[in-house]
Amino acid sequence: MKRFAPFLLLVILILFPLLVRDDYHQHLMILVLMWVVIGAGWNVIAGYTGQVSFGDAAFFGTGAYTAGLFATKLSISPWWAMAAGGVAAMAVAFPFGWICFRLRGAYFALATLALNEVMRHIATIWEDLTGGMVGILIIQTFVSKVPYYYIALALAVAAVIGVQAVMGSKWGYYFVSIREDQDAAESLGIDTHLYKMISLNIAAFLTGMAGSLYMNYMGFIDPEVVFSLHDISIMAILVGIVGGVGTVYGPVVGAFIMVAVHEFFRTGFFGFFKGLAALTGSQAITTLAKYVMQAHVLGFGILVVVVILVLPNGIVGDWKKITGWLPLGGGRRSAA
Amino acid sequence: EGIKVGIILPLTGKLAKFGEIEKKSFDLAFEEINAAGGVNGKRIDPIIEDTTGKPDVGRSAIEKLIARDKVVMVGGGYSSSVTWATIAVAQQRKVPFLVNTGSADKITEQGWEYIFRLNPPVSEYPKGFASFLQNVATDVKTVAILHENTLFGQSGSKKFKKQCEKSLGLDVIMKEGYEAGAVDFKPLLVKVKSKKPDLVYMVSYIMDAAMLIRQSKELNLNPKLFVGGAAGFTLPEFQKSTGAAGEYIFSATLWTPSVPYPGAKRYFDKFVARYGTPTEYHGAEAYAAAYVIADALKRAKSLTPRAVRDALAETDMMTVFGPVKFISYGKKTQQNRLPTFLVQWLNGKLETVWPKEVSTAKYVYPFPKWNER
Amino acid sequence: MLEVKEIDVFYGDLQVLWDVTFEVRRREIVVLIGANGAGKSTTIRTISSLLNPRRGTILFQGERLDLLPPHGIIERGVVHVPEGRRLFSEMSVEENLVMGSLYGEAKTKRRDTLRHVYELFPRLLERRKQMAGTLSGGEQQMLAIGRGLMSLPHLMMFDEPSLGLAPILVQEIFGMIRRINGEGVTILLVEQNVHQTLAMCDRAYALENGRIVLSGTGEELSANEHVREAYLGI
Amino acid sequence: MRFFEVKNLVKYFGGLAAVNDVSFEVKEGEIFGLIGPNGSGKTTIFNLISNFHSPTSGSVLFKGRDITGLKTHRICKARIARTFQVVKPLGRMTVLDNVVAAAFSRAKTKHEARDLAMETLEFCGLAHRKDMLAKSLPIGERKRLEITRAMATLPELLLLDETAAGLNPSELVEAIDLIRKIREKGVTIIIVEHIMKVIMTISDRIHAINFGRTIAEGTPGEVANHPAVIEAYLGEAYARG
Amino acid sequence: MEVFLQTLVAGILKGGLYGLIGIGMTLIMGVMGIINLAHGQLMMVGMYITFVCFHYLGIDPYFALLVSMPALFLLGVAIQKYTLNPLIEVESILPENQVLMTVGIGMVLTEVARFIFSSDYKSVQTSYSSSSFFIGEISFSLALTIAFFIAVAFTLFMFWFLLRTDLGRSIRATAQDKDAALLMGVNAQRITILTFGIGSALVAAAGTLLMPIYYLFPDIGGPFTRKAFVITILGGLGSTVGAIFGGLTLGLAEAFGATYIGMAFDDMIGLVIFILVLIFLPSGFKRITKV
Ligand SMILES: Nc1ncnc2c1ncn2[C@@H]1O[C@H](COP(=O)(O)OP(=O)(O)OP(=O)(O)O)[C@@H](O)[C@H]1O
Ligand SMILES: Nc1ncnc2c1ncn2[C@@H]1O[C@H](COP(=O)(O)OP(=O)(O)OP(=O)(O)O)[C@@H](O)[C@H]1O
Ligand SMILES: [Mg+2]
Ligand SMILES: [Mg+2]
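Protein chains in written order, with the numbering used here: chain B, 1 to 336; chain E, 1001 to 1373; chain H, 2001 to 2234; chain L, 3001 to 3241; chain W, 4001 to 4291.
Among the clues, some could well be false.
[As the list claims (entries may be wrong)] Covered stretches of chain W, as calculated for chain E (at least 3 residues, CB under 8 Å):
{"id": "1", "region": "4117–4131"}
{"id": "2", "region": "4214–4222"}
[Stated by the list, open to error] Think about it this way: if two alpha-carbon atoms lie no more than 20 Å apart in a straight line, the pair counts; the simulated PhoX-like pairs of lysine-lysine are:
{"id": "3", "chain 1": "B", "residue 1": "K170", "chain 2": "L", "residue 2": "K3185"}
{"id": "4", "chain 1": "B", "residue 1": "K170", "chain 2": "L", "residue 2": "K3110"}
{"id": "5", "chain 1": "B", "residue 1": "K73", "chain 2": "E", "residue 2": "K1106"}
{"id": "6", "chain 1": "E", "residue 1": "K1196", "chain 2": "E", "residue 2": "K1161"}
{"id": "7", "chain 1": "B", "residue 1": "K170", "chain 2": "L", "residue 2": "K3063"}
{"id": "8", "chain 1": "E", "residue 1": "K1004", "chain 2": "E", "residue 2": "K1127"}
{"id": "9", "chain 1": "E", "residue 1": "K1158", "chain 2": "E", "residue 2": "K1127"}
{"id": "10", "chain 1": "B", "residue 1": "K170", "chain 2": "L", "residue 2": "K3130"}
[Said to hold, decoys possible] Anything over 10 Å on all C-beta distances counts as not near chain L; from chain H, calculated:
{"id": "11", "residue": "K2005"}
{"id": "12", "residue": "R2127"}
{"id": "13", "residue": "M2176"}
{"id": "14", "residue": "E2220"}
Honestly, the hints are just simulated from the structure, not real lab data. Ideal Cβ positions, reconstructed from N, Cα and C, are used throughout, including at glycine.
The following block holds chain B by itself, in its conformation from the complex (with noise of 0.2 Å):
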């Protein structure tokens, strides 16, 4: 059963523009989809190499802008841009890489929060290239959704096997070595920076891909947008953490979960609140209700500090946890 989930999976996304028709569904999924990939990426570096990066908006912007360059100064089809995002992004990550990684753990974590507001500083400043706050904007390929969905769809399964892929052979082993104890690894004739700096790169590459496709779909973007902090690189961080830190399947179970959560929270539960205003026509409930939707951003925050004092490897890393918490799981439960 295990061992046919993830293609009992890729079936059902295979199959769901077909059964969903819905735009605002389908729209939901190519999020799912993007954030899958960044996570992908983000766990490289972050849960198996254990480098953790607070900076993933500079590679997914750097993605973005490349994307929204070619289209807009080059006339090339951002589509040739997806790749070439990637490139961009690793081409940041590269020299970044090479001068900070002499840094470890939090430190690194900082520097890459330094490159993220780097990044959005120079997006900004630089208007002559990249318009500076006023974006780019280019007009959309297709108006289905569906072409847009299976393109996420191949990049996602793409990032998801070759990250399985890669931690399966001898990259993985050294990751998590890394991870483990750099002095070690070191001393064992893993060259630390030369793989810390492999880890970072895929990262970035993936990163990128998922921004030039995010430019591609919204056909916008802005400093603010793309090298946002809070709502790119903590999203990443999110995605990462709540599906499960070190996990192949963390960063879709994330994904899944982050954007259903916000979507829920947005608009209400599902316009729960609304549908049971109008219901029992109280006034209470309508409060309540504008209350619970204004309040997104705050249940992230909470989401995050129940997670990570609860379930701090994530879903699938706590999953024994959780099916301890079941009364059906039988599980034996932890000892406190």
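Given chain B, work out where chains E, H, L and W with the ligands should sit, using these hints.
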């Protein structure tokens, strides 16, 4: 069963303040319209969705409005980025979208037939001020432009610089952007002071605006003219947080309660009475948009997006925000064209001082030096 | 003076101590020997309340230690000189010593005790302004002991004080422990250096796989076949 | 050609000379002991050899080649492996995976790496622990894992830093056996140890340092009776006993 | 010359305040070994308290220190006790869990503030808000100058507290080796809680001092969090004197950058210096490689 109209606004996140003002104005207007019999006897049911100020979320919102709620048209949008991301969906789905705040020029330059814009594009904001420079402040020769690094600040200041150099024959001796939210503007202002410009033109939101003025006072920086480019310098908070220092500051603006349009002051008063806080031009845009929507729905042959779109295209009416008529000029299509004004803080009140025909008070020019007041 | 009764200790789900029972009497030197991972450190950590036993009790002068938080233990006059010294490396020698006397009587008598410790370890007086992290291994061990003494303890527990020390220092350290005992402080000692410790202790217990398997006086254990084979390698 | 040699090694940490002009030579196949009081610079010498720190001056030569300043992982590729005084297990990997990660420095495929790792685990007597997480090993076995990992990189020279510390006398016997077995495989060993029972029984030659400087070198018997060593390190008691 | 001197003064005055922001962060950093990414948000809460004091109760901002500091102390205590301390016991792959937690806390604080006060800009207008005095041609903002001296006083006090009192020593000891501190009878749990409280109170003081000249809205925390970590790193982590040094460096760098490079680079200058310091002064920051 009412007529469903979708409104998308940033109700949470950084832009929530202005989104909230617009939401309240929409609510106010639709309540009035429904109380007055609605649209041919039918209620208008606005469905207001939160974009959180982000394009992708805005997109989720509009997808939902169109696909699930099946609205006949959409309004709102607020920031240019969200507006852009969402109007593309509207155009593709063939649902009319009335933009009332998003000011990037490109929004109406695509030739999209389902997209209408009520407010002027950012490039036209300083029109009123330009005529003041040509007619009154003719001894102004040199200009320093300071702007926040936002869409509004960057494109507004760029357009203004071009205008100064091309059509007004002024010398722009300095143009500098800054990151909104700086703690201390003195280094910037010291530099301005050392260059001695005649005019200091600033595109800033409220609090940066207030800090700039207060610190100019501290530094005793005395140009002939201090002018704010819309946004920050006209809001009550500006006056509150600059106090006396705000006196004599000019600003180019789209709307104040004292504009010569019927109902403008009444809208302002109603808003204050209802919500206890003042409103400003964003609110007026929203309030006017609600009436334009109602008008179009009334005239629409049927309640389908197509028919509503056709009715919108025929709009010709007066609102609290000025006359509304969607025309084509330059690269723009279905764009409403409006004059802009120059206002000045005089005795703690914001008075319209230019164009002369609509002025509520006489301007004070040149700017009285700080230490001579 | 100290009675450990039937304690079971876990790390998470992993049990490391089973039914451990022993006692230390006033002014004695008692030694706990055992293979690596037998649970000696765990025992001491449990007494000093860094760990909580899941079962059993620990009594010190009739009072339940296992119910107290770690800082409650030291206030009762029980001090733990941990494995690997664990000094505050970016504080001076004197500050480290002061850290040993934060509470109660120890605090009021701080000056006197400090003078006493400096008499005991003149080397520390020489280096009182030096950062602890820059001391040599032997000096660090002295400082760790000195810091323990600052709390005016009735019972001192040492976890492998000779670990990683040069032979010359091992002698010195054992000498000091005897001297402290001579001043009336009761000693509980964990050591791998079985030869020497059995020779200097009053009584000893052997811990194997988390269980007490043998006990007796130093001579008795030195003579025991099993001990000779398993611990002395004879 | 000399097998292994350090020449005039000097290392300053700020103003402190942790290693001050140390030179010695190790012959192929021997067990070379390094002793000295705490803080005399033994671990630092290991760190200099494996280039965790780069020497202030001096050089390290291995099989005629100057390897000073070679990156740490290259030193390992050059077939010098080390263990750490403060053990560094890859905690959340299994014992087997710890060793596989090391074996990859010699093996081409994953299959080869696993085989090499299993073989090394058997050799070092840790095979029964292969599926345990490294962090849950008791200290003695963690030290053994250090050795196993180092051996999986197939070194010609092995640097052992206090691998016997904290073992009780009978465990020491096993440790000594393992070290001998390693030497019989043809691996040259430099060993740092404070336990005389170990270092005096297995070393062919011993080099003693104090304050980063050489004070004596010779056979165990010579060094143990050297007055400077007795004064600085062993103490009168040891000499008498 | 006037431009230069004015810039210098602006940089130093701002730097003093930055230093105060930095000390709180530094303390938390040192003791818990975590980067508190909710630091600016705590400052924001302190600012709202000041605003409420002034606006509804008519308390002058300088007296509001007596309210905002204790209040934030309690908030810090609660945060540490109920969200951060429990994490110490949870085992997880990423040691940065606590840092991530502070991100979540920052989000919660911001949104709660929005709930209560809406997104409106608030400011506190006092009689001295825009007054200044001149020395020669150079203008000194009165409020910033006062803030500067109060910040310096707080710093000196903290310095004395950490070096000369048992509690201060216990804080430092916990920072260096928590288990050992426990064995010395330090209630490490309580110390971490206390430290977070003190750190929060200090940043609240900075917020309160800033209030007369600045303004306030819920999202104001983020930029200050970023400034705080730049200051902390510049100052060399865990050192109180370092924080002052870092604050002054950042203040001066921003001021001179704004004057001589361009105001648009204001934030970027701090970040670039930060990265440069990380790269070229690693020996100055021993802890960097240890964590
Ligand atoms: N933090 C921990 N988590 C899980 N298991 C642990 C932990 N600390 C120790 N153990 C396990 O508990 C057992 C007893 O360890 P303890 O440190 O008490 O042994 P010891 O007798 O002091 O050995 P040593 O001579 O190596 O110091 C060992 O099997 C060890 O692996
Ligand atoms: N990274 C470092 N920075 C500063 N000083 C150091 C560093 N590493 C070692 N030292 C100092 O160098 C000296 C030599 O230390 P080293 O660890 O080499 O001693 P050792 O001989 O291995 O001692 P032990 O027998 O206790 O392990 C000591 O004074 C130590 O404090
Ligand atoms: Mg132990
Ligand atoms: Mg050593």
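- Message: Tell me the numbers of any earlier hints that the structure contravenes, in ascending order.
- Response: 3, 7 and 8
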